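The primary structure of each chain is shown beneath.
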Amino acid sequence: MPVLEDLKEHAERATGLRRPGKAKAPDFTRARKPHGVRFKDDGLVPNHPRWPLIIYRGSVDLDGRHDPAAVIEDLFEANGWGDSWRDGIYDYVHYHSRIHEVLGVARGKGRVRFGGNKGRSFTLKAGDVAILPRRHGPPVPVGLRQLPRHWRLPVGRHLRRVHERRRPSSRPEDDPEGPIAAQGPSLRNRRPAVEALQKSKMTEYLVRFLVGGVVVSAFAILGNLLRPKSFAGLFGAAPSVALATLSIAVYRHGADYAAQQTWAMTAGAIALAVYSVFVCQLLIRARLRAAPATLLSLGVWLIGAFGLLALARGQS
Amino acid sequence: MSAINFSPSSLKEGRWYEYLVRFALGGAATIFTGLISRRYGASVGGLFLALPAIFCASATLIEKHEIRRKREDGLNGRRRGEEAAVLDAAGAALGAPGMLAFAIVFSLMVERSIAGAFIGASFAWLVVSVAGWGVRRKIRSVQRRQIRDKISGPAVSRGR
Chain X
172 MPVLEDLKEH
182 AERATGLRRP
192 GKAKAPDFTR
202 ARKPHGVRFK
212 DDGLVPNHPR
222 WPLIIYRGSV
232 DLDGRHDPAA
242 VIEDLFEANG
252 WGDSWRDGIY
262 DYVHYHSRIH
272 EVLGVARGKG
282 RVRFGGNKGR
292 SFTLKAGDVA
302 ILPRRHGPPV
312 PVGLRQLPRH
322 WRLPVGRHLR
332 RVHERRRPSS
342 RPEDDPEGPI
352 AAQGPSLRNR
362 RPAVEALQKS
372 KMTEYLVRFL
382 VGGVVVSAFA
392 ILGNLLRPKS
402 FAGLFGAAPS
412 VALATLSIAV
422 YRHGADYAAQ
432 QTWAMTAGAI
442 ALAVYSVFVC
452 QLLIRARLRA
462 APATLLSLGV
472 WLIGAFGLLA
482 LARGQS
Chain C
896 MSAINFSPSS
906 LKEGRWYEYL
916 VRFALGGAAT
926 IFTGLISRRY
936 GASVGGLFLA
946 LPAIFCASAT
956 LIEKHEIRRK
966 REDGLNGRRR
976 GEEAAVLDAA
986 GAALGAPGML
996 AFAIVFSLMV
1006 ERSIAGAFIG
1016 ASFAWLVVSV
1026 AGWGVRRKIR
1036 SVQRRQIRDK
1046 ISGPAVSRGR
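First to last, the protein sequences are chains X and C. In terms of the working numbering, the first sequence opens at residue 172 and continues consecutively. In terms of the working numbering, the second sequence opens at residue 896 and continues consecutively.
These are calculated hints, taken from the structure and not from any lab test. Treat the numbers as computed from the prediction; the structure is a model and nothing was measured. Treat the hints with caution; some may be incorrect.
What the hints assert, rightly or not - Each computed DSS-like pair below joins lysine-lysine, with the alpha-carbon atoms no more than 27 Å apart:
id : chain 1 : residue 1 : chain 2 : residue 2
1  : X       : K400      : C       : K959
2  : X       : K289      : X       : K211
3  : C       : K1033     : X       : K400
4  : C       : K965      : X       : K400
5  : X       : K204      : X       : K179
6  : X       : K204      : X       : K296
Unchecked claim - Stretches of chain X that chain C covers, calculated by requiring three or more beta carbons in the stretch to come under 8 Å of a beta carbon on chain C:
id : segment
7  : 276-288
8  : 408-414
9  : 420-433
10 : 448-460
Unchecked claim - If you want the footprint, here are the derived chain X segments under chain C, 3+ residues with CB under 8 Å:
id : segment
11 : 200-207
12 : 438-445
13 : 473-482
Note that the Cβ used here is the ideal one computed from N, Cα and C, for glycine as well.
With the sequences and hints as input, model every part of the structure.
See the structure below:
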């Protein structure tokens, strides 16, 4: 109820009760790496080609002693983001062409779609912060009731002021830093988010390589150690890449993303069964060597996996 | 029916570069899956979690092992290598339902408990894969016994 929330906000501001205050608000942040996503223009929502949507998961520590909404409000205001309001997310697609926007979730959990038709749905929960660059499709709730209370903080006017203060000659739309410049020191994590994002991408690839290599090697060694060979073969089809990828997916993108991946993985697993039988047949009947038999059969896996995925999508 | 056992000596049969290849391939497959997910979304990326990229390498390496071992004994070894690769592929076919169980359990549990999803899904994979392997062994052992009985049957009657 926006009216009740407005009344509560006025009362809290007047009395100072359950508000940390701007000075203490930065203490309620947690150092979190930003997760950035770029979306294509879908014809309706002209998503920005360069500036990503940035999500900080669990970046605000909502301790329960203060009103979570007030903590986020004070934190944003301490960083130059003002003119905030407390309300639900609009249930229609819209975007702001010239202003940036920041969203802080104070309570609850819900699926929110960013970026229009070519965008993506994310599960946001209390403590998450999303920074939406201009020309980025602001959120559309998927199942409005799933998100009981949260905060939407448009930052247009204040962002412009923040930019102008720093770089008097540039307008916000010309600012090469995009929405990052308006994050304020406490959300900056010591360096601009885009820079952090690029660095974190490189780190992510390195981590992926190491985690994937270790998990796959561990299963391969286990397979080598076990006898009989048919039993050891089970470890050739162990979900080693899946374990490595999912652990990173959960850390980087959240549980819902990993759930989506594993749901699609079922199609890949069925295709794997067909693939393995096909490889057996090629080895026994066509007398092919292992390398050509396994590589040629990848075509069977691809057809099977994508066919099943298309079938599942057609039915849903 | 031979029981499941550990054979530490088999580790010595492998060359160091084979472990390196597996490590690099595992890392590359994980990066590849991440790139696909980033470019085409979680669903398409999810398919590649069951990509048999590692299996291609393991079957080839197992075949090479067997051929090398037989050649050291002065034999051709090609047939033995082929059989080893077939066994590996059969094992993978039995492991596929396990992977399916892994995916289903993980997708159902992850939004409730992340640690529970990893443990539950891995356990589901192990149980389904080992059960599949056990059932196959049992069927093959029964079939072998039936063939043996058929062969020995007429021999007994002739003796009378």
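Comparing the hints with the structure gives:
For the hint pairing K400 of chain X with K959 of chain C, the CA-to-CA distance comes to about 14 Å; that is within 27 Å, so the pair holds. Taking the CA atoms of K289 of chain X and K211 of chain X, the gap is about 6 Å. The hint holds against a cut of 27 Å. Among the hinted pairs, K1033 of chain C with K400 of chain X is consistent with the structure: their alpha-carbon atoms are about 16 Å apart, no more than 27 Å. Pair hint K965 of chain C plus K400 of chain X holds up; C-alpha atoms about 16 Å apart against a cutoff of 27 Å.
For the suggested pair K204 of chain X and K179 of chain X, the alpha carbons sit about 32 Å apart, so the restraint of at most 27 Å is broken. With a CA separation close to 16 Å, the supplied pair K204 of chain X and K296 of chain X stays within the 27 Å bound. Check on the segment 276-288 of chain X: 0 of its residues sit with their Cβ under 8 Å from a Cβ of chain C, so the three-residue criterion for coverage is violated. Counting residues of the segment 408-414 of chain X whose CB lies closer than 8 Å to any CB of chain C gives 7, so the stated coverage by that chain holds, three being the minimum.
Coverage of the segment 420-433 of chain X by chain C holds [criterion: at least 3 residues with CB-CB distance below 8 Å; count 11]. Coverage of the segment 448-460 of chain X by chain C holds. Counting CB-CB distances below 8 Å, 7 residues qualify, and the rule asks for three or more. Remark: the segment 200-207 of chain X is not confirmed as covered by chain C, as 0 of its residues place a Cβ nearer than 8 Å to a Cβ of that chain, below the required three. Coverage of the segment 438-445 of chain X by chain C holds [criterion: at least 3 residues with CB-CB distance below 8 Å; count 7].
Remark: the segment 473-482 of chain X is confirmed as covered by chain C, as 3 of its residues place a Cβ nearer than 8 Å to a Cβ of that chain, reaching the required three.
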